[in-house]
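Here are the chains, one letter per residue:
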Amino acid sequence: MAVRPILLYPDPILKQVAEEVETIDKSVVAVIQDLVDTMLDSGHSVGVAAPQIGELVRVVVVDVSKNKLGKDNNHGLLEMVNPEIIEKSGSKMMREGCMSIPDYTGNVTRAEHIVVEFTDRAGQLRVIEASGFESVAIQHELDHLDGMLFLDRVSSLKTDLYRRKGK
Amino acid sequence: MNHFALTIVGRDRPGIVSQVTGILFEQGCNIADSSCSILGGQFAMILILGHPEFTNRESFGEAFKPLEDSDLSVSLRVLKPGGEVRSDIDGDICMISVYGSDKPGIVYRVAQVLGEKNVNITDLNTKLVGSDERPVYVMVIEAVLPEEVEEEDVNGWLAPIRDDLQVDITVRTIPTVEL
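Chains as they are written, first to last, in numbering that gives the first Met the number 0: chain A, 0 to 166; chain B, 0 to 178.
Once the Cα atoms are required to be at most 35 Å apart in a straight line, the calculated DSBU-like pairs of lysine-lysine come out as:
(1) A/Lys-87 to B/Lys-126
(2) B/Lys-116 to A/Lys-70
(3) A/Lys-65 to B/Lys-116
(4) A/Lys-91 to A/Lys-70
(5) A/Lys-25 to A/Lys-67
(6) A/Lys-91 to B/Lys-126
(7) B/Lys-102 to A/Lys-91
Here chain B is said to cover these stretches of chain A; the calculated rule only asks that three of the stretch's residues, wherever they fall, bring their Cβ under 8 Å from a Cβ of chain B:
(8) 36-48
(9) 85-96
(10) 129-141
Since the hints were made in silico from the structure, they are not lab data. Given the structure is predicted, the values throughout are model-derived calculations rather than measurements. Built from N, CA and C at the ideal position, the CB exists for glycine as well.
Please model the complete structure; the sequences and the hints are all you need to start from.
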């Protein structure tokens, strides 16, 4: 339906906690579709959370299937409403970048395996087990629903925060 | 804006950062990049400063005298234009952990190999841990690998050091992801 602009920090919306979705009505479906359109339009993105397009609702989309780090281990396009991580294990460090904080990347350690429960676009409750890059991507997007940015998770600016290549 | 590198070292105690940054604030300095840490019993501060008017050491006048009077060593380096900008270093980020019984040459041998292979060290920390009877030396390096270099290559280059010095070495690249 529409590619939406990505809000950039210090937009205050990025630091707010998003609202639980009560029912998946037309407006929620519109948000899901806009997230998918926005993610595809950016080319390199593997996920977008609703607050990043200015919608304070608990909706994210993730798709790591087209990324070389995720292509062998993924659930395709995930449209997640009210997602909640119900189990975590292991740990994995990646250097994360975020469309809402251009130019910087930082080392973040997250759970290697997660079990996440969510409602899909059709209203079905789903539980999936994700690991590796897909697990990291889901956790990064879910953080946006609680007003958390990867900057909240880096432990050392000296070794963890770098200006992105070529910028 | 002119830039300076300021280094301050002295016996650790509470209040050093406050004393130093108070002076910098009064002088109208901007702190750009900085890294401050306790090393042994010393507190070491390294700061890249900007100032709209100051051009040299003399511009600061006697501003740092209170620091020297309280037993801190102060050194100021005037940067050439552009000296405050980090150059682009392309390539994968690689963490190298090296540890084992303390013995001479651990840092040098590893750094020598990386230098020869044109691997840029962007961060290096060492620490002596363990007990007095069995001291263990730990070093963690963050480096940027040149385009054509893989994690296995670094492992291969460091293998002889592993045997010679009886140290454990692990090499791991950190993938960069856009989310």
